[in-house]
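A.B. asks: Sequence:
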Amino acid sequence: MGSNGHHSTTASQLPFELQALYIFLIAAQTQSFSEAGRRLCLSQSAVSQHIRSLEQQLNTQLFERHGRGVSLTNAGLLLMPMAREIVALARHINETMDNVESRLVGTLRMACGDSTCNYFIPTLMSRFGRLYPDVRMIFQSRPGQEIANLLLNGQVDLGLLGAASSHPDITLLPFFRDEIRLIVPIDHPFAAREKVELRDLLDQPFISQHASCGCYYSISRELAKRHLSLDDFNIIMEISDPEAIIRAVSQGVALSFGSMLLASAYVDLGMVKLLEVSGLTIFHQAFFAYNSTVPDTTVRDKFLAFVQHPQSYHLMRSLTPVSMTVHP
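The opening residue of the sequence shown carries number 1 in the working numbering; numbering runs sequentially from there.
Source of the hints: derived by calculation from the structure; they are not laboratory data. Take every hint as true, because none was put in to throw you off.
Derived DMTMM-like pairs (lysine to aspartate or glutamate); straight-line CA-CA distance at most 20 angstroms:
hint, residue 1, residue 2
1, Lys195, Glu179
2, Lys225, Glu197
3, Lys195, Glu222
Label pairs and their calculated CB-CB ranges:
hint, residue 1, residue 2, range
4, Arg177, Phe139, 14 to 24 angstroms
5, Gln57, Pro168, 27 to 37 angstroms
6, Leu173, Gln140, 11 to 21 angstroms
7, Thr171, Asp268, 32 to 42 angstroms
8, Arg38, Phe139, 12 to 22 angstroms
9, Pro143, Ile93, 28 to 38 angstroms
10, Cys41, Asp296, 27 to 37 angstroms
11, Ser141, Ser229, 20 to 30 angstroms
Think of the CB as a built atom: it goes at the ideal place given N, C-alpha and C, for glycine as much as any other residue.
Please build the complete structure, drawing on both the sequences and the hints.
C.D. replies: Written out as structure tokens, the structure is:
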């Protein structure tokens, strides 16, 4: 014991290196040493060596090897959340030290589960990158239901959701609100109107959003208030890409609900028309989301402050050909 009564630890007694923990996390996520090696630019044998060394240092087996893959043992499952926390804290320490000299350095990993957000995010990330050229930004599109898991597993720092997550560890920040309208082909009889009745839509050929789309939830929620669902419509096609839906409508395939923001460019080109539906108002809310149990990173906080700054608000408005609500 040390003089203060606590056990002292020497450097040689520390059981593992951060690199080994990080390799362990990637191997656990991919369930494959070869895939982990590909992602980390390491050979499979190097990954195996790091894992074997970590198992020896911890005096326990972390993976079951079988066939071409691996799976976590009970000990590996216990290690996972602690390893995530240690690696996240190490990233935070590194970024904090780098930023002592006011130079923002680090990585921002973001996943978008809302297609409308893709309209803004590349431009915002580009502007942020000009302000902080030493920040590496990684952006990926994923189905909305996967975003919460990516956040909870520490695989991304920020998520963009088209529907609120109910998980207690996920913190949500409103990003913007878009209105959903009926989209019709320019030569459809409805195009001569400004408003249609909801009951008139039920026998029309209709395109539905995929259930993974954020606006699908918004549409379903409002229809449910009127004791209807998309199953009551004459659904002839289901498409996950909102712009592909608009293009299909413009070709006269069917009608659909869609984002005013995305459809307005097609309206300007005379390809489709946006209509109101009597008694049906649908708003689609998008959120930034992050894992509140993970230590804050300077890069993430700076980016959130950046997108909420009035200048970013005005930039987003300039990209928007129709009226929408942006939360500054």
